[in-house]
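Peer 1: Residue numbers (the numbering used here), protein chains in the order written: chain V, 1296 to 1617; chain F, 12 to 515; chain L, 9 to 423.
Any given hint might turn out to be false.
Derived CB-CB ranges, DEER-like [said to hold, decoys possible]:
id, chain 1, residue 1, chain 2, residue 2, range
1, L, SER335, F, THR439, 44 to 54 Å
2, F, GLY280, V, LYS1348, 31 to 41 Å
3, V, ALA1319, L, GLU158, 33 to 43 Å
4, F, ALA378, L, ALA271, 29 to 39 Å
For the record, the hints were derived by calculation from the structure and aren't laboratory data.
Using N, Cα and C, we set each Cβ at its ideal position, and we do this for glycine too.
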Amino acid sequence: MDPAGTHHVPDRLDLRAATGNEAALRGFLHGLPGVDKVGAEARVARLGTRSIKTTAKGFALDLAIRMIDLTTLEGADTPGKVRSLAAKARRPDPSDPTCPSVAAVCVYPDLVEVAKHELRGTAIKVASVATAFPSGRSSLEVKLAETRMAVAAGADEIDMVIDRGAFLAGHYGAVFEQIVAVKGACGDAHLKVILETGELVTYDNVRRASWLAMLAGADFIKTSTGKVSPAATLPVSLVMLEAVRDFRAASGRMVGFKPAGGIRTAKDAIKHLVAVNETCGPDWLDPQWFRFGASSLLNDLLMQRQKQAAGYYSGPNYVTVD
Amino acid sequence: MAQRKSSRLPENTAAADTPSTASTASAAKLFEYAPAPESRAIVKINPSYDLFIGGELVPATGGALKTVNPATEEVLAEVGVASAADVDRAVAAARTAYDRVWSRMPGSERAKYLFRIARIVQERSRELAVLESIDNGKPIRETRDVDLPLVAAHFFHYAGWADKLSYAGYGPDPKPLGVAAQVIPWNFPLLMLAWKIAPALACGNTVVLKPAETTPLTALAFAEICRQADLPPGVVNIVTGAGETGAALVGHPDVDKVAFTGSTEVGRGIARAVAGSRKKVTLELGGKAANIVFDDAPIDQAVEGVIDSIFFNQGQVCCAGSRLLVQESIEPELMDALRRRMETLRVGDPLDKNTDVGAINSAAQLARITELTEAGEAEGAERWSPACELPSTGYWFAPTVFTNVSATHRIAREEIFGPVLSVLTFRTPEEAVAKANNTPYGLSAGIWTEKGSRMLAIAKKLRAGVVWANTFNKFDPSSPFGGYRESGYGREGGAHGLEAYLDV
Amino acid sequence: MSDKTGADSKAKTTVAKKAAAKTVTAKKTATKNPAAKKTAAKKTAAAQGSPREASVAAAVPAVSGAAAGKGTAKRAVTTASTETSAPTAAPPTSADASASNGSTTTASVPAESNATAVETQSAERPSTRTRLAVRKTYKLYIGGAFPRSESGRSYEVTSAQGAFVANAALASRKDARDAVRAARSAFSGWSGATAYNRGQILYRIAEMLEGRREQFADEVSAAEGVTRDSALAQADAAIDRWVWYAGWSDKISQVRGTVNPVAGPYWNVSSPEPTGVVAVFAPERPSLFGLVSVLAPVIVSGNTAVVVAPGPTALPAITLAEVLATSDLPGGVINILTGRIAELGMPLASHLDVDALDLSGVTDPELATELERAGAQNLKRLRRPEPEPDWTADPGLDRIVSFMETKTVWHPVGV
């Protein structure tokens, strides 16, 4: 439930009307409340002063681990690299079997098969990027073909990128239709829509793009590809969390959120969890509705976890390089 | 896979149950090697043994333990368990010998004693090799060709240092420490003894040494050699026993120096135990070495190197190349070659001169290897062994290789100390180095590449005390050996090895 | 002159709250009670036993001619001067001063403390009759920058006579953790630099040390209560020792490396390599010379260091940090934490990413044992404290070699 209690739905959030045509969509998106940059950043700074210690910290570390989409998205990826990552996804800490597994492994479409094979028998999902990731610059046919290919290979989740060029040029309808089409090609797979907030730049744009994606049917909205900096800063995450909160209130439908890129330390991750907790509420504190897109974050979480257990600081030789 | 061979009993068996040597693969079907056992007759094993203290054989007062032939489970002898009082007597004998005799003796005289010992070891080398094989389980080919020659060489090398300490780089007149407590493992019993005693004596210290509980016999034979060499009483003392004896020895207040080779866990305990004391410590502990094979490696030699790195001494070696890091592009080719070569390994009677892989040293060690390999399978790695008929008595484990291993698997992190190889892959030299160094250990590493500049660049980056490039498991008394990080500290061998036994 | 006095009190309060005052200074302000001030000043000067202070009397304002000769205007910067602005001269120096564990929390930071992280040393000028000296704030030195302790705490550094000298940052275990991280990040670059390059940088550090010789003498004098001559001698010895170590960087391999004549067709070379991150506990005395003697040998070979500078050694230690920051030494190679060994010892000794410990400054044998035991967890290389070290003796190579590893490489020789 919305922690704020009952939520009055203002008239402007008449969602069916919003997506009728380009003009309506534009009107709707531009009609959303703006975001004051300074205010948003101040809120984030305040949330960052929460002190999460002892059992709360232990809970947060384990939860964060369970929320990771362990990712490798490099041109140099090989089946060997994906195998290694999959093994780590199952058993992140070789010295501690009580450490939970991660939520998913995220790879390029041509490596989905390898990942699926390595993770068979586990509850860990395989997510694939698609739609000419990371740039998104290609034809719709190519993007849909790639999506279908990943789904056919067994991907449980698809992480697509929106057409930022179209968005920034104001062609919201085109962006909207692409998302709808990709969702159609996903079949049973869940769709995460990457906004690439670093290219959208303003918080206003982030809010608008979030709503656009959710209206088009996204199961998750995601900050970034991880290839552009800045990526998942806390203020951006705050704006997107507010968007998913408001969307549920308006539509009854819950959409998940995934910050990706730039979250390297346990401290960053815990700040995100606090933001979730105090913005959209504990319903989202679950791997089904929240994921961290990360690669090096996991090792920092593991070292923190080791320190919690042992009482002294750990070091990079006590976690693995994959 | 290869067909099973029926076992054939060798002739000239001295003991009741001698395990047969079964060849592992179909390759040997046409040309069967007949059993070629080394005779046991050269060795005389007493039914029981005392401690060696102050130049005399002294009965132990802490009980007795039995030592067993791991290939047959036959009881070989009973040796004494040194009690705390026995340890005290031994330390006192060492102290007396130090104060009255050894520390006053000029280096040139000490040198001559060490030369005598080296010579006697050479004279009795075959006998000691057979004895070592029987007590440890390792093949006679290895004790004969590797262990014993190195033992003698160590004594020779350090004999020569005894009167040249002022040239070693530790000042014009470096002094010994006094009494050294030395605890050694079961994997190279006599060689580890040589690595400890030779430098200690050369520098002017006296020693109390405790061999491992499963392999006391060659140390006790060494006691005899000390008497044959007329070594002054108390300069070397041998106290047999198990963990408690070792703890009493290491903890003894009148000991100036502690040297230990064994597991990291025990080493850690020793480092804690000596905290706050004045005892100098050196430790040579475990490892999980990466053996890195690049795509331009000399493949056949690399295969030999890999085989040697993990199956020499049944893999029961701290510096074993237990992680094969192979460049992804050549993995299939290398693995084919490796499996082909593994099929020619001969597992069986350690005393058979054709045996390549002998017995595991004890039931306890066998259990540990079994547990970890089962974990490896459970973790999802792929396990393979050549077809291999193992004798029904004794402690045996077939040479095993795991592919599809990832860095987080237990079999990639924990020291197995057995004939089990874990294979991981890498894409670039940087990745190879990162994976190789990503361990709390740091004892050894291997590099296989034909490109010289790459060999030197990688050797520079590997955080390991010994780096073997285009070779593996090479040892020499002049070559310092020891680890980084949790593989211990201090070096054994060469001029560097003197530091542990001098007051510097 | 109540407003001036008031200003003094406020300034002092600010100081007590770890304000951004940079230098310790004698208040040159006129007070309502020049006599008291003069007396206090004289007492301090006498206690200092430093003729120099006494001679700067002329600068003291509102003091009669006769008094001026005996009173003292403290030289600016680092002498163990008090707030001789008298009536309130007592406060920091009396009650709290003795316990140099003034653990003050950060109140709302006064405006002037919003100084930039790296504060350049202000000119060492004595306060004149009309000018207040700008005091130095002593902060930590981590990763090449000068942060305050994340805990916001500070402690009072007092002179041997108990007079207030400065507030130094009281480092916490989290600062230690950050310092280790900085040292680890800096390791691959520093150990990967050529020996020649490291030697050059160390020599430059000596050049910078020489330039600050007088300042160091002031601080050593304040920290230890020794005479100025003795402090100058110590500064000179420290500089000379640093120069000596600078010359070792490209020679250790020759002295400790070996080509080993193995019995087979193999090329076999052993060479020394730096161990990694070393946690160094510096001795309290001699405050500068001891610090230099433990630190230089650790880093000359390529190690990086986290140094705990206890108690009053904070003064020369942080000025040393300023030298390091201006010497081309990459950030993170040396990190300096001022504070208590009893507090920082265990987090560093137990830290798994620290490779070695130098316990030279740990004077409590029980603590030293405890730290050694904690270090055993990851088999840290260790130097135990010596009961009565003679810092002036020839150090030899021992301190360098204690923190090095020998690596032996084999390669077959054949065509």
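Peer 1: Decide, hint by hint, whether the structure agrees.
Peer 2: Hints and how they fare:
Range check, SER335(L) to THR439(F): about 36 Å between beta-carbon atoms, so the 44 to 54 Å window is missed. Taking the beta carbon of each, GLY280(F) and LYS1348(V) are about 32 Å apart, inside 31 to 41 Å as hinted. The hinted range of 33 to 43 Å is not satisfied by ALA1319(V) and GLU158(L), whose Cβ atoms lie roughly 52 Å apart. In this structure, ALA378(F) and ALA271(L) meet the distance hint of 29 to 39 Å, their C-beta atoms being roughly 38 Å apart.
Checked against the numbered hints given earlier, this structure breaks hints 1 and 3; the rest are met.
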